[in-house]
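Residue numbers (our numbering), protein chains in the order written: chain R, 26 to 356; chain D, 26 to 356.
Calculated from the structure, these hints are not laboratory results.
Note that the coordinates shown come from a computational prediction; the quantities given were computed from them, not determined experimentally.
Among these hints, one or two may not hold up.
For chains that are exact copies, the list does not tell them apart, and a pair is met inside one copy or across any two.
Straight-line alpha carbon distances no greater than 27 Å define the calculated DSSO-like cross-link-like pairs of lysine-lysine that follow [said to hold, decoys possible]: (1) Lys-315 - Lys-343; (2) Lys-348 - Lys-64; (3) Lys-343 - Lys-201; (4) Lys-58 - Lys-117; (5) Lys-348 - Lys-315; (6) Lys-64 - Lys-343; (7) Lys-64 - Lys-315; (8) Lys-339 - Lys-312; (9) Lys-309 - Lys-32; (10) Lys-343 - Lys-200; (11) Lys-152 - Lys-117.
Take a look at the letters that make up each chain.
There are 2 protein chains.
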Amino acid sequence: MKKIINKPEDVVNEMLAGLQASRPDLLDVNYKKRIVTRKGVPIKNKVGILTGSGSGHEPDQVFYVGEGMLDAACAGPVFAAPTMDAIYDATKLINSGNGVLYLVKNYTGDRTNFAMASEIAEMEDIKVTTVIIDDDVAVKDSTWTAGRRGVAGAIFVYKIIGAKSAEGAPLEELKKLAEEVNINVKSMGFALTSCTTPLKGSPTFALGGDEMEIGVGLHGEPGRERTKMKTANEIVTYVMDSILQFLPLNAGEEVAVMINGLGGTPIMELYIAMGIVAKILEEKKIKIFKAYVGEYCTSLDMAGCSVSLLRVNKEYKKLLDYKVDIPYSIF
Amino acid sequence: MKKIINKPEDVVNEMLAGLQASRPDLLDVNYKKRIVTRKGVPIKNKVGILTGSGSGHEPDQVFYVGEGMLDAACAGPVFAAPTMDAIYDATKLINSGNGVLYLVKNYTGDRTNFAMASEIAEMEDIKVTTVIIDDDVAVKDSTWTAGRRGVAGAIFVYKIIGAKSAEGAPLEELKKLAEEVNINVKSMGFALTSCTTPLKGSPTFALGGDEMEIGVGLHGEPGRERTKMKTANEIVTYVMDSILQFLPLNAGEEVAVMINGLGGTPIMELYIAMGIVAKILEEKKIKIFKAYVGEYCTSLDMAGCSVSLLRVNKEYKKLLDYKVDIPYSIF
Chain R
26 MKKIINKPED
36 VVNEMLAGLQ
46 ASRPDLLDVN
56 YKKRIVTRKG
66 VPIKNKVGIL
76 TGSGSGHEPD
86 QVFYVGEGML
96 DAACAGPVFA
106 APTMDAIYDA
116 TKLINSGNGV
126 LYLVKNYTGD
136 RTNFAMASEI
146 AEMEDIKVTT
156 VIIDDDVAVK
166 DSTWTAGRRG
176 VAGAIFVYKI
186 IGAKSAEGAP
196 LEELKKLAEE
206 VNINVKSMGF
216 ALTSCTTPLK
226 GSPTFALGGD
236 EMEIGVGLHG
246 EPGRERTKMK
256 TANEIVTYVM
266 DSILQFLPLN
276 AGEEVAVMIN
286 GLGGTPIMEL
296 YIAMGIVAKI
306 LEEKKIKIFK
316 AYVGEYCTSL
326 DMAGCSVSLL
336 RVNKEYKKLL
346 DYKVDIPYSI
356 F
Chain D
26 MKKIINKPED
36 VVNEMLAGLQ
46 ASRPDLLDVN
56 YKKRIVTRKG
66 VPIKNKVGIL
76 TGSGSGHEPD
86 QVFYVGEGML
96 DAACAGPVFA
106 APTMDAIYDA
116 TKLINSGNGV
126 LYLVKNYTGD
136 RTNFAMASEI
146 AEMEDIKVTT
156 VIIDDDVAVK
166 DSTWTAGRRG
176 VAGAIFVYKI
186 IGAKSAEGAP
196 LEELKKLAEE
206 VNINVKSMGF
216 ALTSCTTPLK
226 GSPTFALGGD
236 EMEIGVGLHG
246 EPGRERTKMK
256 TANEIVTYVM
266 DSILQFLPLN
276 AGEEVAVMIN
286 GLGGTPIMEL
296 YIAMGIVAKI
306 LEEKKIKIFK
316 AYVGEYCTSL
326 DMAGCSVSLL
336 RVNKEYKKLL
346 DYKVDIPYSI
356 F
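The shape of chain R in the complex, shown without the other chains (with noise of 0.2 Å):
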């Protein structure tokens, strides 16, 4: 295993410290917890935004914690849910007494640690409220999911609520207007190698050298096919049509679109499926309000991307444009 670590059960405390150590004037860190909250929260008469999950997805998730965005989040092991326990502590670290909205992607780990969490929650008095992310279009049932698996579109959903939560708007309108972006944001990836967990230290899954996997999910899940290495022209392009199979679009109508590096892939290859997506774009007469290229949800090295079309209206385009600080940024 080839990996800038020391020992593997550190490597998610290790990440913590750098992170804290980037932007101190930013965050706190509860390094036993594995809680990582804006500082001076509870933000008052603001809606607390808490998501978590399995580290391994950098930047999702702890790296979006901050002004305009989430207020904590919660990381659990590599690719494990973090404990029901640390989501109760985040949540009363952010509740000013107008509630807290948990954003969670589609596992059945997370969702029963957040569900538990917000039980306890509840008897304590604190409103919480779960919006649950599915954009994925790959596959139904998986691995780790009932359902659909909750993937880049994901951080769509935490820009849009963060915005809108910091222009104080209210538990149960953040609630609706999280589950209306995620029936309007589908995502696809595929993977051209697998990723390497630091503690199993060799490949999630085998591929062959010529090999690549459509559909794949983010820890590894098997996805729709496993075919032939194929062009970025084929492989975009199928990807485009399933996407557009759960989010019909009409000529002039308006989306985001997310390219996402999946860990392993240089930028040179994102943008070229970005060029590609524009063209399919522009044939269609769809407009592109903003294009998001990087990595934005990962799985560790795996090499490839995921395609994600939002289709946007005028308050989305506003959210999505607010300002925000984050310790995920360039300059």
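We have chain R already, so just place chain D on it with the hints.
Using the frame of chain R, we list chain D on its own:
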């Protein structure tokens, strides 16, 4: 070879198409010459800032064209210098009459072509000045370099000079500042895997399954040493010691830190490195002004990273904080 590409010979132009599609409001692209310019050039009364090099180092360099950074960049073929002709054309496009500053990483091919272009430009009475960036402390004289190589520290030079030029500084002052920043930034990297260029289709150099290359160059040039894999603590401590030999810092001084992924390295690992760098600096009572963790200057799909330290003063800090609008951003 596993890459999201169509034909290897088309990768640069297809990437540029994706780049333009992602920010049609900000950029113009000349596909024949592979020149990316900021819209509205030449900017009145402003010195034009130009760079260029082989492609494969994305986001360096075309992704830094925009407001507050580069006025144009020339993209060569993968790992090969842009032509003299393209550099000369870009020079004319961005010259407002106040002259053009070339910021060139120290590779012989790039230096030669920029030098020829500047000679022709000067024959046409365009004032051109060149600053060579050579921040890599790993080795002196390398496969494609006489002297020391220019690596990710170049991004600090672009950032500071881009901001200063936006403030209206004249050519001679920018040149002096760029030279000074270059002296104050030192870098060193290491590779866990080789990169694979699209045309060759197989790894540029051979590394054993348990080996790493310390001090590697941005094209896979040999570094100081090939060793068995080390722990993150061991590698990063060695790299920091090497940098600090060339950039002696006293307790109380302040630095900007860059942890630069080389293309195939997960964000988790970059932040583990960040935590170690922060600890070493803290022990030496050197303050971190700002941390830049992510991909800034890559080598296609190479796994590994580089560390850069920039000694900052009040002016550098102000210029580093100058807001930019470039295609390489997260939100």
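Taking the hints in turn, this is what the structure says about them:
1. Lys-315 - Lys-343: within (12 Å within a copy, 29 Å between copies)
2. Lys-348 - Lys-64: Result: close both inside a copy and across copies, 17 Å intra and 23 Å inter.
3. Lys-343 - Lys-201: For Lys-343 and Lys-201, the Cα distance is within 27 Å only inside one copy (17 Å; across copies 42 Å).
4. Lys-58 - Lys-117: within (13 Å within a copy, 58 Å between copies)
5. Lys-348 - Lys-315: Both ways: Lys-348 and Lys-315 sit 14 Å apart in one copy and 19 Å across, limit 27 Å.
6. Lys-64 - Lys-343: Both, since 25 Å and 24 Å are each at most 27 Å.
7. Lys-64 - Lys-315: between (30 Å within a copy, 18 Å between copies)
8. Lys-339 - Lys-312: within (14 Å within a copy, 44 Å between copies)
9. Lys-309 - Lys-32: between (50 Å within a copy, 25 Å between copies)
10. Lys-343 - Lys-200: within (18 Å within a copy, 41 Å between copies)
11. Lys-152 - Lys-117: For Lys-152 and Lys-117, the Cα distance is within 27 Å only inside one copy (11 Å; across copies 62 Å).
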